[in-house]
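J.: Sequence lines, in order, name chains Z and L.
According to the numbering used here, the residues represented by the first sequence are 1 to 428, in order.
According to the numbering used here, the residues represented by the second sequence are 1 to 317, in order.
To give an idea of the interface, some chain Z residues facing chain L are shown, with a C-beta separation under 10 Å as derived from the structure:
#1 V10
#2 D66
#3 L67
#4 D117
#5 D120
These are calculated hints, taken from the structure and not from any lab test.
Just so it is clear, CB atoms sit at the ideal spot from N, CA and C, and this is done for glycine as well.
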Amino acid sequence: MDPSTSRPAVVIDNGTGYTKMGFAGNVEPSFILPTVVAVNESFINQPRALTKSSNLAQYSAGVMADLDFFIGEEAVSRSKSSSTYNLSYPIKHGQVDNWDAMERFWQQCIFNYLRCDPEDHYFLLTESPMTAPENREYTGEIMFETFNVPGLYIAVQPVLALAAGYTASKCEMTGVVVDVGDGATHVVPVAEGYVIGSSIKSIPVAGKDVTLFIQQLMKERGEHVPAEDSFEVARKVKETYCYTCSDIVKEFNKHDKEPGKYIKQWRGTKPKTGAPYSCDVGYERFLGPEVFFNPEIYNSDFTTPLPDVIDKCIQSAPIDTRRALYKNIVLSGGSTMFKDFHRRLQRDLKKIVDDRVHASDARLGGNVKAQPVEVNVVSNPIQRYAVWFGGSVLASTPEFFAACHTKAEYEEYGASICRTNPVFKGMY
Amino acid sequence: MILLQSPSRYLLQILSNRVQNLEKGVELDCQWVEFDDIRYHIQASVKNPNVLLLSVSLPIPPPETVLFGGLPLGALEAIKAAYGVVAQILDPPRDGFNLTLKLNLSKLPPDEEHKHALLTKIASVREVVMGAPLRAVLKHLVSRTVPSDLGKPVALVHRPNESFFLVPQADKVTVIFPMRFNDSIDTVLATSFLQEFVEARRTAGLNNAPPCLWSPSAPQELKEAFTEALSANAGFVSFVIFPRHVEGRKLDRTVWNLSTFHAYVNYHVKCSECFMHTRMRRQVESLIQAPTKYCFPYGVWNCPADTKESKEHVPKI
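Assemble the whole structure, with the sequences as input and the hints as a guide.
T.: See below:
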């Protein structure tokens with residue numbers, strides 16, 4: 001038997017904002033890092049020297065510079081303290097954008113953070129439902145060629161998010177996954193483990209937009225935040241203080257009546273001079289998450305609220321799955337962690353559904369009564385890394401190893417084995 | 001990152017989190033695997049938040065190495081010397097593991113600096129356990145005491161079913177690594193990497209580094225002792241360690257670097273594959289640019305009407 005199947009698989013969930021990684025069978029990822037690489041590019045753009053000796057020196061310096069990079073929090077702090085490092089974000093809007101940076105990111109994840117030998121473990125990676133087959137092939141190529149992994153499975157994030165809830169209750173592989181990450185928001189209906197590809201809805205509002213909106217609000221109010229730091233501060237404010245309100249007008253009144261209770265203080269130090277500063281955090285505490293429910297306050301191009309998008313998504317799914325889909329709406333991704341986000345979503349969605357039921361009752365004139373539709377938004381404490389947890393559960397089942405693409409298959413057929421994902425099989 | 005660090009990042013993270021949030025005392029149960037097939041398992045309960053059970057399993061030893069109760073020679077003493085009262089060795093260890101330590105966090109030194117140093121030391125448990133026999137041999141070199149079995153090669157396990165060899169002599173120790181790789185591309189890269197590595201040792205700045213040698217066949221002194229263990233597809237690397245390499249604080253680093261030499265080479269082979277892929281991607285991009293420029297002198301999207309069909313054949317960059 002292949003000894004690598006007796007070791008736990010490595011599960012890496014690369015998100016736009018954060019990467020979650022760890023070993024299958026654990027309940028928590030080992031590391032949650034910002035998906036960012038700080039590269040030393042000072043050697044790349046140097047003019048070519050003529051003499052041979054300096055060429056050699058430059059060559060070896062270039063090789064060293066190739067190892068001279070950092071990922072995660074280290075990358076952020078390095079790029080702050082010295083100008084030789086440039087930050088590069090390998091994933092944009094849920095899609096890998098820079099493969100060089102991504103390959104380096106994986107290299108550090110495996111060797112520096114998890115410290116495992118990639119030849120010893122099966123790997124489970126994740127992808128967003130909108131990933132092109134070419135990108136999947138690229139991922140397979142890097143994993144098999146560079147890292148020599150014995151087996152690879154590329155899972156679709158929403159399916160994993162559903163699988164995460166699976167252990168909590170019973171086997172429920174039908175539901176709508178509302179995945180609000182840092183760079184992309186998808187509403188994905190899944191029936192019996194198969195993604196209904198034609199009904200996937202994406203909206204251009206995600207965690208990063210909340211951060212940008214908070215940054216804008218704070219700037220407009222004239223808070224004294226250093227300009228180069230304001231995005232980071234806005235992100236921290238979002239992560240620590242934001243919550244979802246039930247009614248925006250009431251919330252404004254509450255804040256005005258008792259400012260002492262609701263207005264928070266943010267303290268920091270200026271990155272250049274090191275001088276301390278403080279600023280107030282006020283309405284943006286509830287206005288930030290409100291972007292999902294009233295997008296027009298942030299962006300005039302896109303004005304459909306998230307509950308409407310979910311409703312449209314379910315209405316476009318096959319009719320026999322709709323009731324089951326309404327019953328199991330699963331949240332995943334860091335940007336669904338705002339307090340009471342699921343309550344607000346459930347209330348708004350329930351209202352839309354009930355209105356429709358009433359309208360059809362009225363049209364039919366009271367002779368036939370429609371059965372009420374059960375709407376249920378599921379929230380659990382591991383929401384932030386639900387996708388990773390689902391991967392961990394999936395990869396610790398014995399069937400996982402049989403479902404993987406193996407190195408032997410890769411060598412026989414090439415990267416095309418990664419092209420299709422079985423969960424989309426219904427589509428093609 | 002050029003060298004692998006000796007403390008396990010994850011273990012250190014768990015330990016320092018635990019120490020900082022001692023009063024919260026959440027349930028903890030996780031396991032993971034590091035390179036060279038070293039498995040860790042750590043467990044803690046809510047009832048007794050100060051006590052952590054840390055189990056470690058070591059790679060399966062090849063037949064030529066000698067182990068005592070599943071642990072390398074001198075490992076028990078090394079653990080006792082390194083951790084003192086904080087760690088207690090449980091006998092028998094947890095099922096499926098070679099060593100179980102009961103860590104008592106209430107016995108950590110109170111001041112932050114020492115506490116952190118000790119936690120880092122606990123996170124480096126694999127260095128302490130796996131490096132113990134190597135450390136013992138190198139210590140003889142420091143104290144210049146002549147070991148009893150002079151010149152007789154010793155085999156030490158470092159990877160599952162693989163070992164490396166030491167030839168202790170009065171004034172030097174020769175360390176010999178048979179290099180094996182599973183993948184044919186890795187083998188080729190590792191072979192040339194090692195030849196470059198030996199070459200790099202000859203540059204002026206590295207006169208004090210241990211002399212190293214690469215040869216495709218096994219050195220003579222091993223041939224008599226271990227005939228069956230001497231298959232290597234990427235040749236043999238040997239280092240000669242002199243007393244000046246193991247003086248004082250250098251000993252720790254020498255032990256760690258030697259005992260993870262194979263992992264080091266493996267890491268750099270993967271890095272060079274990464275580097276080559278980056279260059280290949282760049283090359284493909286520039287090659288695609290050439291025909292694009294030639295076929296569409298006005299740019300892909302501004303081409304005249306008669307060539308419009310052909311633009312669909314342009315590969316997407």
